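Peer 1: Protein sequences, first through last, are from chains L and X.
Just so it is clear: in the first sequence, position 164 is 164 by my numbering, and no numbers are missing.
Just so it is clear: in the second sequence, position 331 is 331 by my numbering, and no numbers are missing.
None of these hints come from the bench; they were simulated from the model.
Keep in mind it's a predicted model, so treat the numbers as computed, not measured.
Please note that the accuracy of each hint is not assured.
What the hints assert, rightly or not - Computed list of lysine-lysine pairs in BS3-like fashion (alpha-carbon distance at most 30 Å, straight line):
id, chain 1, residue 1, chain 2, residue 2
1, X, Lys-347, L, Lys-131
2, X, Lys-131, L, Lys-95
3, L, Lys-146, L, Lys-221
4, L, Lys-153, L, Lys-132
5, X, Lys-320, L, Lys-194
6, L, Lys-132, X, Lys-131
7, L, Lys-132, L, Lys-146
8, L, Lys-14, L, Lys-194
9, X, Lys-253, L, Lys-95
10, L, Lys-221, L, Lys-194
11, L, Lys-221, L, Lys-254
12, L, Lys-146, X, Lys-320
13, X, Lys-347, X, Lys-253
14, X, Lys-347, L, Lys-132
15, X, Lys-347, L, Lys-153
16, L, Lys-91, X, Lys-253
17, L, Lys-131, X, Lys-131
18, L, Lys-14, L, Lys-221
19, X, Lys-131, L, Lys-91
20, X, Lys-131, L, Lys-153
21, X, Lys-362, L, Lys-128
22, X, Lys-131, X, Lys-347
23, L, Lys-144, X, Lys-320
24, L, Lys-146, L, Lys-131
25, X, Lys-131, L, Lys-128
26, L, Lys-153, X, Lys-320
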Amino acid sequence: MSSITFDHHADRSKMAVSDEVAIEIRNMNKWYGSFHVLRDIDLTVYQGERIVIAGPSGSGKSTLIRCINRLEEHQEGQIIVDGTELTSDLKNVDKVRSEVGMVFQHFNLFPHLTILENCTLAPIWVRKEPKKEAEERAMHFLEKVKIPEQAHKYPGMLSGGQQQRVAIARSLCMMPRIMLFDEPTSALDPEMIKEVLETMVELAEEGMTMLCVTHEMGFAKEVANRVIFMDAGQIVEQNEPEEFFNNPQSERTKLFLSQIL
Amino acid sequence: MADLSFVRSEMLPERAPPATEVGIVKWLRTNLFSTWPNALLTIAAFYVIYLVLAGVLPWLFGGVWTTSSLSECREVLQGDVGGCFSVLTERWNQLIYGFKYPTELYWRPNLALVLLAFAAAPVLFFDLPRKLLLFTAIYPFIAYWLVWGGPIGVPVTAFVGILGAYLVFERFSASNFALGALGGVAAAFVLWFIGGYLVDMMASENPLLTPVASRDLGGFMLNLMLGVTCVSLSIPLGIALALGRQSSMPLIKGVCVIFIEFIRGVPLITLLFVASVMLAYFFPPDATVDLFLRVVIMITLFSSAYIAEVIRGGLAALPKGQYEAADSLGLDYPQAMRFIILPQALKISIPGIVNVAVGLFKDTTLVSVISMFDLVGMIRGPILASQEWNGVYWELLGFAALLFFVVCYGISQYSQWLERRLRTDHR
Ligand SMILES: Nc1ncnc2c1ncn2[C@@H]1O[C@H](COP(=O)(O)OP(=O)(O)O)[C@@H](O)[C@H]1O
Ligand SMILES: [Mg+2]
Numbered sequence: 001m002s003s004i005t006f007d008h009h010a011d012r013s014k015m016a017v018s019d020e021v022a023i024e025i026r027n028m029n030k031w032y033g034s035f036h037v038l039r040d041i042d043l044t045v046y047q048g049e050r051i052v053i054a055g056p057s058g059s060g061k062s063t064l065i066r067c068i069n070r071l072e073e074h075q076e077g078q079i080i081v082d083g084t085e086l087t088s089d090l091k092n093v094d095k096v097r098s099e100v101g102m103v104f105q106h107f108n109l110f111p112h113l114t115i116l117e118n119c120t121l122a123p124i125w126v127r128k129e130p131k132k133e134a135e136e137r138a139m140h141f142l143e144k145v146k147i148p149e150q151a152h153k154y155p156g157m158l159s160g161g162q163q164q165r166v167a168i169a170r171s172l173c174m175m176p177r178i179m180l181f182d183e184p185t186s187a188l189d190p191e192m193i194k195e196v197l198e199t200m201v202e203l204a205e206e207g208m209t210m211l212c213v214t215h216e217m218g219f220a221k222e223v224a225n226r227v228i229f230m231d232a233g234q235i236v237e238q239n240e241p242e243e244f245f246n247n248p249q250s251e252r253t254k255l256f257l258s259q260i261l
Numbered sequence: 001m002a003d004l005s006f007v008r009s010e011m012l013p014e015r016a017p018p019a020t021e022v023g024i025v026k027w028l029r030t031n032l033f034s035t036w037p038n039a040l041l042t043i044a045a046f047y048v049i050y051l052v053l054a055g056v057l058p059w060l061f062g063g064v065w066t067t068s069s070l071s072e073c074r075e076v077l078q079g080d081v082g083g084c085f086s087v088l089t090e091r092w093n094q095l096i097y098g099f100k101y102p103t104e105l106y107w108r109p110n111l112a113l114v115l116l117a118f119a120a121a122p123v124l125f126f127d128l129p130r131k132l133l134l135f136t137a138i139y140p141f142i143a144y145w146l147v148w149g150g151p152i153g154v155p156v157t158a159f160v161g162i163l164g165a166y167l168v169f170e171r172f173s174a175s176n177f178a179l180g181a182l183g184g185v186a187a188a189f190v191l192w193f194i195g196g197y198l199v200d201m202m203a204s205e206n207p208l209l210t211p212v213a214s215r216d217l218g219g220f221m222l223n224l225m226l227g228v229t230c231v232s233l234s235i236p237l238g239i240a241l242a243l244g245r246q247s248s249m250p251l252i253k254g255v256c257v258i259f260i261e262f263i264r265g266v267p268l269i270t271l272l273f274v275a276s277v278m279l280a281y282f283f284p285p286d287a288t289v290d291l292f293l294r295v296v297i298m299i300t301l302f303s304s305a306y307i308a309e310v311i312r313g314g315l316a317a318l319p320k321g322q323y324e325a326a327d328s329l330g331l332d333y334p335q336a337m338r339f340i341i342l343p344q345a346l347k348i349s350i351p352g353i354v355n356v357a358v359g360l361f362k363d364t365t366l367v368s369v370i371s372m373f374d375l376v377g378m379i380r381g382p383i384l385a386s387q388e389w390n391g392v393y394w395e396l397l398g399f400a401a402l403l404f405f406v407v408c409y410g411i412s413q414y415s416q417w418l419e420r421r422l423r424t425d426h427r
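Could you put together the complete structure from these sequences and hints?
Peer 2: And the structure:
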């Protein structure tokens, strides 16, 4: 699984974790109908952290990070993002969404818009930026993810890896303080996984706060400062990557690691 | 074991295909005479085409264009095969404008039709400069004034009311959508009330354009007017209904579902009868709501229900990820709909919408049963019933079919162009 190796080791010098809280989740519970999908989740994420969330399929990883920008609604407990609590108040939801970027497994680019338009739509209409400024920044981020020459093509003409890098650039154009990744590489062929992971490593090197659901354990070792293992809707174990991989405590974690490594 | 290794020492040059695989011979062989049954079918089909043309062409080219009655036609033809097309030339004005629209005012609907081309262009061909849409916005009021005439205050008031509503909506909808919408409606009514008062006060004896009553409209002009008005009203209404049907608010959803299911379960002709006799009950007794307007309302409601269902199909075809991506970028509901969801859903729905639009346009001929004299109404009524032209069915109905065919074929060609133009994958 974690066969991806990185050409150079991630530069951890700027990956500083501050003691400013970015996300605070307290005693959060969520049900789909009568199915208790997330149970008593407590999690504090500090500004600058790179957290990898792992766990078997169906354990609630996606649901957890989708609650953080309220693509899903929680029923009990609190989620506070950058000081704003997520409630049914739409103003708060909008505020949180403007600070949290999200990258999906299936990219979810807008197929009827060019790459550049994908990147400038939200800045122009949500952040009310002048078109020219939004385009300049979009080009800046497209250069960063190394596909400026595709700016005027449509998503359907790009490879999967390129599309996912556009999706990352699209999120970055909203200047988020936190980035959520939901299995960003699981829909990609091996040679494309690497280009996406390298983009994510660069992002981490710049100090972005990241929550990343992934099975790429190489990425976790290289970049993460904390690995969270979930099972059956609960956080079962969390630790620094070194400890997590070499010295897992719970039986479930051991079983999971033996299956994927 | 045999030696499996192989290395090509020399690359093969390109060669021309064999003669039987190119040119007309190949085309004939593969398309018309590939097998014996296929060849027989080809010959039979050619024979049928020959029979049809042998019947129609002499009738078409041997036709008479200049006589003034059917009996004169027969005299000129003296038993030869030939159509009596003089009915088309002699009754041209009636076929196009109906029999009551004042002849000296024909230039007004003609001008309205020419302007329609300019108003429709920026909507149909969105590569044109967006500024042209300003003309599209005022066109309905100009067209109304040209066709119906009367005091210019009426269309101006209507326009000012809608402009006011738009401005109020723009001002408030950003902070509160409901407030914007209600304020807009209120502003429109206030402006219309004041405007109506002013128009009544300033009404002069002879306005700039002679007024023409709705019952004086007729002919193909009436079909075109009904078709254009109803299509352009029922697409936005259909979009609203489709979105309403998806709404998470049960009341809005319920109203939309009931409306759509009810309208789809009722024949259009019943709705038209309701429009012609019964709708008056729903309006205040002293309000004389124009028959044209009543018919427009009914046809619009009818086709908007169908369009709503077509668009619902398009909405359902979009992956959930599109909504989620829009949400995660912080777009609000109107923005997500306008920039992400509807452009894609409408693109998928184009064939279905065009289907409804073409059907609607042809259904405008149904108004002939509620004694409006559209093209078919004119043919069945005043023309066929007249002494001169009693019995000229083929020529008249063929002409009507031709007019409708030209318009519907145009719509269909446009939609195919549009689909090609909007294709964004792998160009
Ligand atoms: N919209 C939904 N309605 C009902 N059940 C759901 C829904 N989404 C996910 N689930 C269920 O919730 C559980 C957790 O799902 P998910 O968070 O996607 O898991 P993971 O991402 O860890 O694979 C799964 O059992 C899944 O079947
Ligand atoms: Mg998942």
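Peer 1: So, for every hint listed, does it hold in this structure?
Peer 2: Against the structure, the hints:
Between Lys-347 of chain X and Lys-131 of chain L, the direct Cα distance comes to roughly 25 Å. Compliance with the 30 Å bound is thereby established for this hinted pair. Using a Cα cut-off of 30 Å, the hinted pair Lys-131 of chain X and Lys-95 of chain L is violated, with the two alpha carbons roughly 34 Å apart. A hinted pair counts as satisfied when its Cα atoms are at most 30 Å apart, and Lys-146 of chain L with Lys-221 of chain L qualifies at roughly 24 Å. A C-alpha spacing of about 19 Å is found between Lys-153 of chain L and Lys-132 of chain L, which places the hinted pair at or below 30 Å, so the restraint holds.
With a C-alpha separation of about 27 Å, the suggested pair Lys-320 of chain X and Lys-194 of chain L falls inside the 30 Å cut-off, and the hint holds. Using a Cα cut-off of 30 Å, the hinted pair Lys-132 of chain L and Lys-131 of chain X holds, with the two alpha carbons roughly 20 Å apart. Of the pairs offered as hints, the one joining Lys-132 of chain L and Lys-146 of chain L holds, with about 21 Å between alpha carbons and a cut-off of 30 Å not exceeded. For a cut-off of 30 Å, the pair hint linking Lys-14 of chain L to Lys-194 of chain L stands: about 22 Å separates their Cα positions.
Using a Cα cut-off of 30 Å, the hinted pair Lys-253 of chain X and Lys-95 of chain L holds, with the two alpha carbons roughly 29 Å apart. Straight-line distance between C-alpha atoms of Lys-221 of chain L and Lys-194 of chain L comes to about 15 Å, which keeps the hinted pair within the 30 Å bound. Of the supplied pair hints, the one linking Lys-221 of chain L and Lys-254 of chain L holds, its CA atoms being roughly 17 Å apart against a limit of 30 Å. Distance hint between Lys-146 of chain L and Lys-320 of chain X is fulfilled; the C-alpha atoms sit about 28 Å from each other, no more than 30 Å.
A threshold of 30 Å between alpha carbons decides the hint, and for Lys-347 of chain X with Lys-253 of chain X the separation of about 24 Å falls inside it, so the pair holds. For the hint linking Lys-347 of chain X to Lys-132 of chain L, the alpha-carbon distance of about 28 Å falls within 30 Å, and the restraint holds. This hinted pair checks out: Lys-347 of chain X and Lys-153 of chain L have alpha carbons roughly 19 Å apart, not beyond 30 Å. In summary, the hint linking Lys-91 of chain L to Lys-253 of chain X is supported, as the alpha carbons are separated by about 25 Å, within the 30 Å threshold.
Pair hint Lys-131 of chain L plus Lys-131 of chain X holds up; C-alpha atoms about 18 Å apart against a cutoff of 30 Å. Taking the CA atoms of Lys-14 of chain L and Lys-221 of chain L, the gap is near 17 Å; set against the 30 Å cutoff, the hint holds. For the proposed pair Lys-131 of chain X and Lys-91 of chain L, the alpha carbon gap of about 34 Å is over 30 Å, so the pair is violated. Of the pairs offered as hints, the one joining Lys-131 of chain X and Lys-153 of chain L holds, with about 26 Å between alpha carbons and a cut-off of 30 Å not exceeded.
Taking the CA atoms of Lys-362 of chain X and Lys-128 of chain L, the gap is near 46 Å; set against the 30 Å cutoff, the hint is violated. For the proposed pair Lys-131 of chain X and Lys-347 of chain X, the alpha carbon gap of about 23 Å is at most 30 Å, so the pair holds. Our distance criterion of 30 Å between C-alpha atoms is met by Lys-144 of chain L and Lys-320 of chain X, whose separation comes to about 29 Å. Between the alpha carbons of Lys-146 of chain L and Lys-131 of chain L the distance comes to roughly 22 Å, so the proposed pair stays at or under 30 Å and holds.
A hinted pair counts as satisfied when its Cα atoms are at most 30 Å apart, and Lys-131 of chain X with Lys-128 of chain L qualifies at roughly 22 Å. For the suggested pair Lys-153 of chain L and Lys-320 of chain X, the alpha carbons sit about 23 Å apart, so the restraint of at most 30 Å is met.
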